[in-house]
Each structure stands twice: as C-alpha cells, then as structure tokens.
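**Student:** The primary structure of each chain is shown beneath.
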Amino acid sequence: MQTHYLLSNKYKKFGWILLIMGMILGILINAEVLESELLQTKVLSIYNEGIFSKDDGFFKIIENGILDEIVALMIIIGGLIVGFTKEKVEDEFIYQLRKESLVWAIIFNYIILSFAIVFIYDMTFFNVLIYNMFTPLLFFIVRFNFLKLRSGSDEE
Amino acid sequence: MKNNIKIERARFNFTQADLAEKIGVSRQTINAMEKNKYVPSTLLALKIAKLFKKSVEDIFLLEDHE
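Taken in order, these protein sequences are the chains called G and L. All residue numbers for the first sequence refer to the numbering used here, where the first residue is 1 and numbers rise by one. All residue numbers for the second sequence refer to the numbering used here, where the first residue is 1 and numbers rise by one.
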C-alpha cells in the first residue's frame, strides 16, 4: 500500500507527547496561570504594524516573549505528527478513514467558524481565531481515532 | 457489493485477526469488508481470493442494483 506524505509509526508517540504538552501549556497560558510573554528574546520580525507596537516596518529585530510561539508550534508540530504518521498496520482502508476524517474536519471546522463569525464579536472573536489555528488538526485527529476505534470494535 | 469473506473465513477456521495478518492488512479492514462497509481495492480482492483458493467472482458479488 503506497502511502504518500506519511511518517513512520515510530514517531507517533513523540507526536502525542508534544501535542499533549503543548495543549496543557496552551490552556495554562489562556487561563493566565502562565504569562505568555515569558522567555523574552530578540526575534526577527519580517513585517509589523499595529496599534500597540513601536517597532513598525520591515525586517526589525524586536524583543518578544516567545513562550506562546513555542507552545503554538508544539501543538501544530505534535498534531501534524499524530495525524500523519502511519498506523501500526497502515492499509488502504485506514488511509481511506484518514482521508474521510480530513474532509469531515475541514467542513466541520468551517461550519463552526461561520457560526462564530455571525454570533461572536470583539476580543472574544479574536480568541476564536486563536483556537481556529489548531481546530482543523484537532478535529481531524479526534474524528480519525473515533472512526478507527468504531471500525475495530464489535467483531462477530 | 456483497462478499463471502466471513463464510470462507469460517471454512478455513481463521479469525479476523488471522486473515488480516495473512494478507497484510489491519483487522479493521476485514471487519469493515465483512459488514459491507468497505469495498476493497482490486489488489486486496485478488489477495483474498488467492488465499482462499477461489476466483474473485466467487467471493465478491455485485448486487442487483449495481
């Protein structure tokens, strides 16, 4: 069975650890238990404009707390690894489940987002956008694992 | 499409897991095929037929409306 774009199964555990740690840290930052501007470092900003920033313009070295950036990357990289590593036995049916889960997740995500666009405003909507960076991947992972479990159960 | 995988499996006294291992797929795949929830690729159908020493048409059958 040819499987394009999939990593070896041995990375899956690492992906889960990264994803779960990222999600826990993310929740702590969001609940303001952790300060997102921790780990102040000099970073390269390719372009910046905004109400709050003093370093507008192209290619500036600025000071930034990078904890939130690290956490976001942990969730994304962990999620990609979990979603796109092979199963222990990867075959055509599992690959089909994966594809169906992806389609489902994209549609479901944009239905929820459309609902949020209409009914949620201001800073709360900004929070929705933050969550929406991760929800397509997370919906996909949940849906795929649910379908896999369901088709593995009830042997006759 | 219907299939006789379950009958053939019983004839050879294989569990779903046995059959899955012999043709190199997951047990979920066998389960889904037996419940007519998944139509296998030609490659997989040929492998199953070969294992059961039958022709593909003896194991996989079109339904009337197909």
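Everything labelled a hint here was simulated from the structure, so no lab data went into it. Since this is a predicted model, take the numbers as computed values, not measurements. Idealized CB from N, CA, C, for every residue including glycine. Check before you lean on any hint, since a few could be wrong.
Quick list of simulated restraints, FRET-style, between CB atoms [unchecked claim]:
#1 L/M1 / G/N64: 51 to 61 Å
#2 L/A10 / G/R150: 22 to 32 Å
#3 G/I27 / L/K50: 48 to 58 Å
#4 G/V33 / L/K35: 39 to 49 Å
#5 G/I130 / L/K50: 45 to 55 Å
#6 G/I76 / L/D18: 49 to 59 Å
Incomplete in silico selection of chain G near chain L, CB under 7 Å [claimed, not checked]:
#7 I94
#8 Y95
#9 L149
#10 G152
Restricting the straight-line Cα-Cα distance to at most 20 Å, the calculated cross-link-like pairs of lysine to aspartate or glutamate (EDC-like) are [what the hints assert, rightly or not]:
#11 G/K10 / G/E90
#12 L/K22 / G/E87
#13 L/K2 / L/E34
#14 L/K47 / G/E100
#15 L/K37 / G/E90
#16 G/K54 / G/E37
#17 L/K22 / L/D64
#18 L/K53 / L/D18
#19 L/K37 / G/E100
#20 L/K37 / G/E37
#21 L/K35 / G/E92
#22 L/K53 / L/E8
#23 G/K148 / L/E21
#24 L/K2 / L/E63
#25 G/K88 / L/E63
#26 L/K22 / L/E8
**Student:** All the hints need checking, so say for each whether the structure fits it.
**Tutor:** Right, here's what the structure says about each hint:
no., hint, verdict
1, L/M1 / G/N64: 51 to 61 Å, "holds, 58 Å"
2, L/A10 / G/R150: 22 to 32 Å, "holds, 24 Å"
3, G/I27 / L/K50: 48 to 58 Å, "holds, 52 Å"
4, G/V33 / L/K35: 39 to 49 Å, "holds, 47 Å"
5, G/I130 / L/K50: 45 to 55 Å, "holds, 53 Å"
6, G/I76 / L/D18: 49 to 59 Å, "violated, 40 Å"
7, I94, "holds, 6 Å"
8, Y95, "violated, 10 Å"
9, L149, "violated, 9 Å"
10, G152, "holds, 5 Å"
11, G/K10 / G/E90, "holds, 13 Å"
12, L/K22 / G/E87, "holds, 18 Å"
13, L/K2 / L/E34, "holds, 9 Å"
14, L/K47 / G/E100, "violated, 25 Å"
15, L/K37 / G/E90, "holds, 18 Å"
16, G/K54 / G/E37, "holds, 16 Å"
17, L/K22 / L/D64, "violated, 31 Å"
18, L/K53 / L/D18, "holds, 16 Å"
19, L/K37 / G/E100, "holds, 13 Å"
20, L/K37 / G/E37, "violated, 50 Å"
21, L/K35 / G/E92, "holds, 16 Å"
22, L/K53 / L/E8, "holds, 10 Å"
23, G/K148 / L/E21, "holds, 18 Å"
24, L/K2 / L/E63, "holds, 7 Å"
25, G/K88 / L/E63, "violated, 34 Å"
26, L/K22 / L/E8, "holds, 14 Å"
Hint check: violations occur at hints 6, 8, 9, 14, 17, 20, 25; the rest are consistent with the structure.
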